[in-house]
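If you're matching them up, the sequences are chains A and B in order. Counted the way the UniProt record's numbering counts, the first sequence spans residues 1 to 228. Counted the way the UniProt record's numbering counts, the second sequence spans residues 1 to 228.
No lab work stands behind these hints, which were simulated from the structure alone. In this text the structure is predicted, and so the values were computed from the model without any measurement. Watch out, some of these pointers could steer you wrong.
Put simply, identical chains are the same to the list, so a pair is met inside one copy or across any two.
Distance condition first, Cα-Cα at most 20 Å in a straight line; then the derived EDC-like pairs of lysine to aspartate or glutamate [claimed, not checked]:
(1) Lys152 with Asp142
(2) Lys63 with Asp136
(3) Lys170 with Asp193
(4) Lys211 with Glu179
(5) Lys130 with Glu116
(6) Lys164 with Asp142
(7) Lys8 with Asp27
(8) Lys159 with Asp26
(9) Lys152 with Glu141
(10) Lys211 with Asp228
(11) Lys159 with Asp80
(12) Lys159 with Glu141
(13) Lys194 with Asp160
(14) Lys8 with Asp36
(15) Lys8 with Glu172
(16) Lys176 with Asp36
(17) Lys130 with Glu192
One-letter residues, chain by chain:
There are 2 protein chains.
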Amino acid sequence: MNLVYKGKTKDVYAMENGNYLLKFKDDVTGENGVFDPGANTVGLTIEGVGKAGLSLTKFFFEKLNSMGIPTHYVSANINDATMIVKPATMFGNGVEVICRYRAVGSFLRRYGMYAEEGQPLDAFVEITLKDDERQDPPITEDALDMLGILSKDEYRILKDLTKKIGNVVKEELAKKGMELYDIKFEFGRIGEDKHIALIDEISGGNMRAYKDGKYIEPLELERLMLED
Amino acid sequence: MNLVYKGKTKDVYAMENGNYLLKFKDDVTGENGVFDPGANTVGLTIEGVGKAGLSLTKFFFEKLNSMGIPTHYVSANINDATMIVKPATMFGNGVEVICRYRAVGSFLRRYGMYAEEGQPLDAFVEITLKDDERQDPPITEDALDMLGILSKDEYRILKDLTKKIGNVVKEELAKKGMELYDIKFEFGRIGEDKHIALIDEISGGNMRAYKDGKYIEPLELERLMLED
């Protein structure tokens, strides 16, 4: 098994059967020691973050697979903090797909002239390029198509899947008394038919959630979601 | 006639018959004394810029009107550096529509991971919000619709008009041996039927053009375009 990529929060190993093994680490993104799911740097290390993130990812990916929503998920081993996934090809060098239910974060920084903080948004989907050097710029359907990153047909499927998956996460959080504000996903093309599937993870570090008007930290979110 | 708005490059007066009179000034946008059509500040003042910009605007708006492409233009008086226009309502607090034929400027700053400097683009249309405080953020069709700035139907018309007008400008510049790299437009809703029409101006300050591989300054561009 060969290490093929060292990520900010996960390492990736190639398996002999063609699948990949993701090793979840205890690092979370942020700046100056403060967690920020949209940040491009590792902000802090918290004991147990890897296993907690994987546990929530396992919960959601198994749920999505059972609903027939395509993901790269094969299996997970919580004790080892590892997840086995199918190989996927990225869109260009990677895009992030954001689903928003409340106007916060980068949405508000861009569109604050027209939106108030916390204003409800109806599963609004945005795409940004994974490009640390250029601060993950937002990109339109037309630009994605023109630059050969994502076809118009793929864009439609991606947007539809994003809303579906966002709504699944939102409903599950609501069962635990939390409100999902926004969540970011990654997608890839899987299999010979190159169908679009959810990849990466769905953990506390990918979303912003509030309970009784108070922001819930990723580790606390995962604890609340996974307790009986 | 009342002054109703002092702009960066034009002042706007309300006329008694409901039309508006635009007074073109000798200020151009830029930073630190260097012209930049995408800048939000007045960078420098050049004698004659107002009349030259109006002359080119008159040329293009009369051409567009004769082609049946809707604009706000009524008439122009070059000696006074004034133009009479029909009243128009803006989209939100104003948007800028950019038509790109080569990858330069903010396009390259955002999408440089996928595009090379000067790479041909096929009349690629982008929309940015007029919001100095937030550095004129780019915005998608979905966000424009959701925030009530522009409906999906209006977006389609706007994009179509932008390509048509961009191509008219590109062809006219080509007749003088210049190549249009990009151009920005403003549109508004005019008349009782609120039809979408080109507003503002089409002058050297709105576009980037090259001749024999060399960038052409706005005043020089206007001189080349208007000479016999």
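To see whether the hints hold, each was checked on the structure:
1. Lys152 with Asp142: both (8 Å within a copy, 14 Å between copies)
2. Lys63 with Asp136: neither (30 Å within a copy, 41 Å between copies)
3. Lys170 with Asp193: neither (30 Å within a copy, 41 Å between copies)
4. Lys211 with Glu179: within (6 Å within a copy, 57 Å between copies)
5. Lys130 with Glu116: between (27 Å within a copy, 18 Å between copies)
6. Lys164 with Asp142: So Lys164 and Asp142 pass the 20 Å test across copies only (17 Å; inside, 23 Å).
7. Lys8 with Asp27: Result: close within a single copy only, 7 Å intra versus 48 Å inter.
8. Lys159 with Asp26: Cα proximity of Lys159 and Asp26: none, with 30 Å in one copy and 47 Å across.
9. Lys152 with Glu141: both (7 Å within a copy, 14 Å between copies)
10. Lys211 with Asp228: Within one copy, since 18 Å is at most 20 Å while 70 Å is not.
11. Lys159 with Asp80: neither (33 Å within a copy, 52 Å between copies)
12. Lys159 with Glu141: both (10 Å within a copy, 13 Å between copies)
13. Lys194 with Asp160: Classified as within: same-chain Cα gap 17 Å, cross-chain 32 Å, threshold 20 Å.
14. Lys8 with Asp36: Only inside one copy: Lys8 and Asp36 sit 13 Å apart there, 38 Å across copies, limit 20 Å.
15. Lys8 with Glu172: Answer is neither; intra-copy 27 Å and inter-copy 51 Å both fail.
16. Lys176 with Asp36: Classified as neither: same-chain Cα gap 22 Å, cross-chain 52 Å, threshold 20 Å.
17. Lys130 with Glu192: neither (25 Å within a copy, 45 Å between copies)
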